[in-house]
Amino acid sequence: MATRRLFLQGAVGTAALAGTPAIGTTLPANHSYKLLAFIDIAHAQGGPFAAAAHAWGARTVALRGDPLALWHDAVLTSAVQPKAILGLTTQGTLFCLERLGWELGLRVRRRIDHLPAPDGTWRHVAHTDLPAWAPGMLAGAGSDFGLAAASSAFNSSGSAGDCTHAAPPPHPHRNSTPLVTWLLAAPDRA
Amino acid sequence: MPLPPHLSPQLWQEALTRLRAAVGPDALFTADEDVTLYRDAYSPVWGEPEERQASAAVAPNSTDQVQAVVRIAHHFGIPLFPIATGRNLGYGGSAPNLSGSVIVDLKRMNRIIEVDDKRHFAIVEPGVSYFDLYRHIQERGLDVWIDVPDPGWGSVMGNALDHGVGHTWSSYRDHFGSHCGLEVVLPNGEVMRTGMGAMSSAKTSGDFRYGFGPYVDGLFAQAGFGIVTRMGIHLMPRPECFLHRRVLAYRRQDIVPLVEVANKLEDAGLVGMPLYESPMFGAQFADKALRDIATASDVWNGNAIDRYAAEKTMPAWQLGLSFYGPAEVVEASWRHAQAQFAKAIPGAKFETIETLRFPLSPQAEEEALHKVLIGVPNLNIFAIGARSATNPEPADGHLLFSPMVARSGEEVMKAQRLFTEGMREMGTDFPMSYGPFTAPFTWMPRIFALTTGLPVSRSDPKVNQRSRETMRKLIELGARHGYGEYRTPPLFQDQVMGTYDFNDNALRRFCETLKDAVDPKGIIAPGRGGFWPRAMRKEA
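Heads up: the sequence lines are chains V and Y, in that order.
Numbering follows the working numbering, in which position 40 of the first sequence is assigned residue number 43; successive positions increment by one, without gaps.
Numbering follows the working numbering, in which position 322 of the second sequence is assigned residue number 873; successive positions increment by one, without gaps.
No wet-lab data here; the hints were simulated from the structure.
Treat the hints with caution; some may be incorrect.
What the hints assert, rightly or not - Pairwise CB distance ranges (calculated): (1) Y:G575 <-> V:K86: 17 to 27 Å; (2) Y:E665 <-> V:L107: 49 to 59 Å; (3) V:L107 <-> Y:G728: 31 to 41 Å; (4) Y:L554 <-> V:V83: 48 to 58 Å; (5) Y:K839 <-> V:D122: 43 to 53 Å; (6) Y:E601 <-> V:E106: 47 to 57 Å; (7) Y:M552 <-> V:P173: 23 to 33 Å; (8) V:Q84 <-> Y:M750: 48 to 58 Å; (9) Y:E811 <-> V:V83: 27 to 37 Å; (10) Y:D818 <-> V:V128: 50 to 60 Å; (11) Y:E601 <-> V:D147: 45 to 55 Å; (12) V:D147 <-> Y:A895: 39 to 49 Å.
As the list claims (entries may be wrong) - Examples of chain Y residues lying across from chain V (beta carbon under 7 Å, computed): (13) F580; (14) D701; (15) W704; (16) L930; (17) F933; (18) R968; (19) T971.
Claimed, not checked - Sample of chain Y residues with no beta-carbon within 10 Å of chain V, all distances over it, derived: (20) T587; (21) L588; (22) R590; (23) A592; (24) V596; (25) Q618; (26) Y859; (27) N929; (28) N931; (29) S1008.
The beta-carbon is built from N, C-alpha and C at its ideal position, and this holds for glycine as well.
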């Protein structure tokens, strides 16, 4: 079973971007982070994702399935409300976070579902336009797509839409867990 | 978004101006991108003309502001639909019964007024979630527990008013049953308090629920007679110890004595919520031979199941038992329970699942196996709907069909067969729904819910159409045999209320009479509970 320590070690070992990911489940009382990343520590892709998020200045928060307590600690009782929250989680976790984010005026602005096939390959389904380089980077990463997913989520050159209420794409394979990269942020106002 | 019914655009703008003045510009939501957030994420009519959508949303932060909103709505004839946190997924979410209603979003009213850990009650506003209350208690080291539903992100008050349920003692897991006193804004904007709260000088509104005279609290649950702005709720004293134990029974007919003994133990106050399961439910999706047994027409005599159970040493039923209290008491209760089950069910076996002593460390709490049994709010329930070997194609959500079945093994087997064969006759194949391994839920005290979920989709209307049709047929089928639903999404509330048909639907006609007297213009949640004011009734 993955532990936070193993996760952290994995993140350091596989990080392609510089910097040590500061991953933890608690935050300093008056932290000044305005960008948060929620990463499900049960999945190998989380390490590189965390490293990339950290390099981009995000506070990284590890979760193991249930996001309720972490949402309370990292978001609701935080002295500084995050402007954007991104993550690599299961689809079920995003379902919960999407609804929790509503109450802060956040929407799902970017969503990429990662669908595993029995042969070990992954298919990536984006719900909004991605940067031109992203599909190739994701496809070329094989199962190690954590960094490519984080880069796709962070990169602002692709347009971000509103994927709130988006239906997960069909996925026929039993015994496999799709993941999803997402970005929660305030909507564009006219 | 739709406008409120029968309101001109000019009057609508005037009403919005007054609502904005009442709650402030940041607490009135009229942009489509905001109002669509109140759609029911599990709607079975997603994107179709029948989907009920709000016209706007308003978020008052005090009882005074709720009164102002109600008075404005009353003046303009605008229907309101109050929500606490809007998490009623599977039973309608935050969407109204009537399209064009204004959502009254009470999440900003999130004050915990009082928690008394000597008299064991709390008084909360609508926006207080189970998690908020849990954290409040934990941070202050208070000596009380809350009872939480699956999932634990909803409102303590909202869940009670939807007749929501939990997982511990019978005294606490009926959440409306454990409430004590309400503060309500009536359709004319007046504030009323019930129970001892009706006496200005009383300090016992969290202790004694009746006060004097008629007990009217039930009118504010699953109904639109007012907007509840404060509620008391009884809490459980924190126990010293928790035991989770399991009884294994290897014959299909063993469900009969299993239920009889569990009823006796629970009604005598010796155990918390009995947790019935059949290990064969999941196993049938991994073993074709068992699935063939489950779908054979002669499965109901139990012979094939009993043979399979004996051959595989797999229980036909298992029953989880929760014990709360001092260590020596709960251990003695468990010994007593084992003796009762062993006497009633030859060959029964027993398992130890979990033993906890309180208070728990944060790590022990995180590692607890079944957090809702010990009052820890969480969202683990959403993992159950996730993709798995037994659920390879999870839906975007579900409709919940919850018929109430008498608390006996015979009745469980009868209802299993009725709904399984009924769905087969409907030509509907939802293998996860009903079959001979469907176990009863015991959330609501003294009754079983044979609840199942029907899939809904946000991308395939055909899925929704099939589930809607199945739901309507199941409601009708259940009612013909005396299995009434206790809770249902707005789309089905008229039908379900219609099944409570004694004496020409006297219950609905009485509710309509009250609605016509208290809220003739249909300002508060018209249609909620399956009854309408005269002007909106279909025959009018």
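Comparing the hints with the structure gives:
1. Y:G575 <-> V:K86: 17 to 27 Å: Given about 23 Å between the Cβ atoms, the range holds.
2. Y:E665 <-> V:L107: 49 to 59 Å: At roughly 28 Å between Cβ atoms, V:L107 and Y:E665 fall outside 49 to 59 Å, so the hint is violated.
3. V:L107 <-> Y:G728: 31 to 41 Å: holds (34 Å)
4. Y:L554 <-> V:V83: 48 to 58 Å: Given about 39 Å between the Cβ atoms, the range is violated.
5. Y:K839 <-> V:D122: 43 to 53 Å: violated (25 Å)
6. Y:E601 <-> V:E106: 47 to 57 Å: violated (27 Å)
7. Y:M552 <-> V:P173: 23 to 33 Å: holds (30 Å)
8. V:Q84 <-> Y:M750: 48 to 58 Å: violated (42 Å)
9. Y:E811 <-> V:V83: 27 to 37 Å: violated (58 Å)
10. Y:D818 <-> V:V128: 50 to 60 Å: holds (52 Å)
11. Y:E601 <-> V:D147: 45 to 55 Å: holds (46 Å)
12. V:D147 <-> Y:A895: 39 to 49 Å: violated (57 Å)
13. F580: violated (10 Å)
14. D701: Since chain V brings no Cβ nearer than about 12 Å to Y:D701, farther than 7 Å, the hint is violated.
15. W704: holds (6 Å)
16. L930: With a minimum Cβ separation of about 5 Å from chain V (threshold 7 Å), the hint on Y:L930 holds.
17. F933: holds (4 Å)
18. R968: violated (29 Å)
19. T971: Constraint on Y:T971 not satisfied, violated at 24 Å.
20. T587: For Y:T587, whose nearest Cβ neighbour in chain V is about 8 Å away, the distance does not exceed 10 Å, so it is violated.
21. L588: At roughly 5 Å from the nearest Cβ of chain V, Y:L588 sits no farther out than 10 Å, so the non-interface label is violated.
22. R590: violated (7 Å)
23. A592: violated (7 Å)
24. V596: Non-interface label on Y:V596 holds, nearest chain V Cβ at 14 Å vs cutoff 10 Å.
25. Q618: holds (24 Å)
26. Y859: holds (23 Å)
27. N929: violated (5 Å)
28. N931: Y:N931 is in fact no farther than 10 Å from some Cβ atom of chain V, at 5 Å.
29. S1008: violated (7 Å)
In summary, the structure is inconsistent with hints 2, 4, 5, 6, 8, 9, 12, 13, 14, 18, 19, 20, 21, 22, 23, 27, 28, 29 from the numbered list given earlier, while agreeing with the others.
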